[in-house]
Amino acid sequence: QSVLTQPPSVSEAPRQRVTISCSGSSSNIGDNAVSWYQQLPGKAPKLLIYYDNLLPSGVSDRFSGSKSGTSASLAISGLQSEDEADYYCAAWDDRLNGWVFGGGTKLTVL
Amino acid sequence: QLQLQQSGPGLVKPSENLSLTCTVSSGSIGSSYSYWGWIRQPPGKGLEWVGTIYYRGNTFYSPSLKGRVTISLDTSNNQFSLTLTSVTAADTAVYYCFFSSSALGIAAGSFDYWGQGTLVTVSS
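In order, the protein sequences belong to chains A and B. All residue numbers in the first sequence are consecutive under the numbering used here, ending with 463. All residue numbers in the second sequence are consecutive under the numbering used here, ending with 542.
If we strip away everything but chain A, and leave its shape as in the complex, we get (with noise of 0.2 Å):
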């Protein structure tokens, strides 16, 4: 049992939008800055988001992030096959005073 929850799996088409969601609480997202990452398959992660929304360089712009609250969401817009991947959100929890992620979330693309 992750303490951030995300769905399982999402999917959607070709060119179309996506979001992830990433559920906390007050000790971890509400308090602290949510990253995420992509780790395509036989991969190590990748960072796609940091400090909520921005953009590590050489990122594609497809990809943006979001806060509100004890809750945070990744975006994929213009989707590709290559975007299918596990996507992973983390953030620092002070009540256990360490890293937590979301258990992932399997992308498809259709």
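One thing to keep in mind: the hints can contain errors.
[Claimed, not checked] Think about it this way: if two alpha-carbon atoms lie no more than 25 Å apart in a straight line, the pair counts; the simulated SDA-like pairs of lysine to any residue are: (1) B:Lys463 x A:Ser424; (2) A:Lys396 x B:Ala507; (3) A:Lys399 x A:Ser424; (4) A:Lys396 x B:Gln423; (5) A:Lys396 x B:Thr510; (6) A:Lys396 x B:Gly428; (7) A:Lys399 x A:Asp384; (8) B:Lys463 x A:Thr458; (9) A:Lys459 x B:Glu466; (10) A:Lys459 x B:Lys463; (11) B:Lys463 x B:Thr510; (12) A:Lys396 x B:Val540; (13) B:Lys463 x A:Leu460; (14) B:Lys484 x A:Ala428; (15) A:Lys399 x B:Asp530; (16) B:Lys431 x B:Ser446; (17) B:Lys484 x A:Ser378; (18) A:Lys399 x B:Asn496; (19) A:Lys399 x B:Thr439; (20) B:Lys484 x A:Ser379; (21) A:Lys399 x A:Ala428; (22) A:Lys420 x B:Ala525; (23) A:Lys399 x B:Ile524; (24) B:Lys484 x A:Leu460; (25) B:Lys463 x B:Ser482; (26) B:Lys484 x A:Leu449; (27) A:Lys399 x B:Ala525.
Hints were generated in silico from the structure; no laboratory data involved. Small disclaimer: the values here were computed from a predicted structure and weren't measured.
Use these hints to put chain B onto chain A, whose structure you have.
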């Protein structure tokens, strides 16, 4: 661009210690505001944070692993290491080293760069 290269055994016997090393290139483990650490992923499962060490030596460990995990810096070789003691089958996972940088403290950071991952299997 910073690169992290992991090394260490892929098979560890139950009750023994797991040891992994992450060598840093194109960067320094002594860089200001840098955090270094480990995340693991059991086969077919999600990511789990193991622990983090600040460039000044302060350590943060997962509550579920506290007492068994140690992360240390080797500034002379620009490396950092993970030791997990008394392993069981539940410690079987792909272990990733990571780098984070945050002048606003650990809670404002993210896992900016990752190692390639090492599958460690605990089995006799």
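Structure-based check of all given hints:
Note on B:Lys463 and A:Ser424: the hinted pairing holds, with a Cα-Cα distance of about 22 Å set against a maximum of 25 Å. Distance restraint check for A:Lys396 and B:Ala507: the Cα-Cα separation of roughly 23 Å lies within the 25 Å cut-off, and the hinted pair is therefore satisfied. For the suggested pair A:Lys399 and A:Ser424, the alpha carbons sit about 21 Å apart, so the restraint of at most 25 Å is met. Taking the CA atoms of A:Lys396 and B:Gln423, the gap is near 14 Å; set against the 25 Å cutoff, the hint holds.
Taking the CA atoms of A:Lys396 and B:Thr510, the gap is near 17 Å; set against the 25 Å cutoff, the hint holds. With a C-alpha separation of about 17 Å, the suggested pair A:Lys396 and B:Gly428 falls inside the 25 Å cut-off, and the hint holds. Our distance criterion of 25 Å between C-alpha atoms is met by A:Lys399 and A:Asp384, whose separation comes to about 23 Å. Restraint check: the Cα-Cα separation between B:Lys463 and A:Thr458 comes to about 11 Å, which is no more than 25 Å; the hinted pair holds.
This hinted pair checks out: A:Lys459 and B:Glu466 have alpha carbons roughly 17 Å apart, not beyond 25 Å. For the hint linking A:Lys459 to B:Lys463, the alpha-carbon distance of about 12 Å falls within 25 Å, and the restraint holds. The hinted pair formed by B:Lys463 and B:Thr510 meets the criterion: a straight-line CA distance of about 11 Å does not exceed 25 Å. Taking the CA atoms of A:Lys396 and B:Val540, the gap is about 21 Å. The hint holds against a cut of 25 Å.
A distance of roughly 15 Å separates the Cα atoms of B:Lys463 and A:Leu460; the hinted pair therefore holds under the 25 Å criterion. Between B:Lys484 and A:Ala428 the CA atoms are separated by roughly 35 Å; this puts the pair beyond 25 Å, and the hint is violated. Distance hint between A:Lys399 and B:Asp530 is fulfilled; the C-alpha atoms sit about 8 Å from each other, no more than 25 Å. This hinted pair does not check out: B:Lys431 and B:Ser446 have alpha carbons roughly 33 Å apart, beyond 25 Å.
Distance check on the hinted pair: B:Lys484 and A:Ser378 sit about 23 Å apart at the alpha-carbon level, within 25 Å; holds. Between A:Lys399 and B:Asn496, the direct Cα distance comes to roughly 23 Å. Compliance with the 25 Å bound is thereby established for this hinted pair. Taking the CA atoms of A:Lys399 and B:Thr439, the gap is about 20 Å. The hint holds against a cut of 25 Å. For a cut-off of 25 Å, the pair hint linking B:Lys484 to A:Ser379 stands: about 24 Å separates their Cα positions.
With a CA separation close to 16 Å, the supplied pair A:Lys399 and A:Ala428 stays within the 25 Å bound. For the given pair, A:Lys420 sits about 16 Å from B:Ala525 by alpha-carbon distance, which is consistent with the 25 Å threshold. With a C-alpha separation of about 19 Å, the suggested pair A:Lys399 and B:Ile524 falls inside the 25 Å cut-off, and the hint holds. Distance restraint check for B:Lys484 and A:Leu460: the Cα-Cα separation of roughly 34 Å exceeds the 25 Å cut-off, and the hinted pair is therefore not satisfied.
Distance hint between B:Lys463 and B:Ser482 is fulfilled; the C-alpha atoms sit about 17 Å from each other, no more than 25 Å. Pair hint B:Lys484 plus A:Leu449 holds up; C-alpha atoms about 12 Å apart against a cutoff of 25 Å. A C-alpha spacing of about 19 Å is found between A:Lys399 and B:Ala525, which places the hinted pair at or below 25 Å, so the restraint holds.
In summary, the numbered hints that this structure violates are 14, 16, 24.
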